[in-house]
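*Asks:* Spelled out, the chains give:
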Amino acid sequence: DTAVSQTPKYLVTQMGNDKSIKCEQNLGHDTMYWYKQDSKKFLKIMFSYNNKELIINETVPNRFSPKSPDKAHLNLHINSLELGDSAVYFCASSQERRAFFGQGTRLTVV
Amino acid sequence: DAKTTQPNSMESNEEEPVHLPCNHSTISGTDYIHWYRQLPSQGPEYVIHGLTSNVNNRMASLAIAEDRKSSTLILHRATLRDAAVYYCILSSYSGNTPLVFGKGTRLSVIA
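Each protein sequence line maps, in turn, to chains B and Z.
Residue numbers in the first sequence follow the numbering used here, run continuously in steps of one, and reach 110 at the last position.
Residue numbers in the second sequence follow the numbering used here, run continuously in steps of one, and reach 111 at the last position.
Derived by calculation from the structure, the hints in this document are not laboratory data.
Just so you know, not all the hints are guaranteed correct.
Some chain Z residues judged to face chain B by a derived CB distance under 7 Å, without partners named [to be verified]:
1. Gly43
2. Thr52
3. Pro98
4. Leu99
Only a predicted model underlies this, so the values are computations on that prediction, with no experimental measurement involved.
Yeah, the Cβ is synthetic: ideal placement off N, Cα and C, and Gly gets one too.
Between the sequences and the hints, there should be enough to build the whole structure, so can you do that?
*Replies:* See the structure below:
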């Protein structure tokens, strides 16, 4: 069983569209995150949620809105997509000093 | 989180040991040393972590200097599958603190 799963794996869309990326973890962890990895391969934290509550928002544009319907899910909705949003987005969960990452969603905005 | 310094890249021959260094001279007493790696086209994966004592697991060993200002990740026998970017990360990790990734070391393994 995949511990942290993201869908879709690839997403190609036009500028101005709205899209969502879904993330689910079956590890029973309380804390989940979204990271962004740009073309230069830097991994940056975007959001951190603990038990469905937003803990950290790292100066991400408000076009990005995470939603956690329950502690096993943390979805990422992006409005009015821009070219600069093209990147790989990783979802992760953690407990007891160990984080588990999903396989990533490669978003391409054209 | 305190900063870490790693070489940009390293190269190893297959089936030889690899020692990946990390300097963290500003580490605090509550910082754990974590290592993650990212294989091509995959998400980061946990390798090992420690606080003061050396640690071993099935993937690697972590050697921590006595003053904790540096550490070394040891892959005992590199395989082609170990080619990845290796990240050394410090975190006090209350459970809610996200890992902060640096540039890491890109390890190439030569057959």
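*Asks:* Starting from the hint list further up, note which numbers the structure goes against and sort them upward.
*Replies:* Per hint list: single violation, 2.
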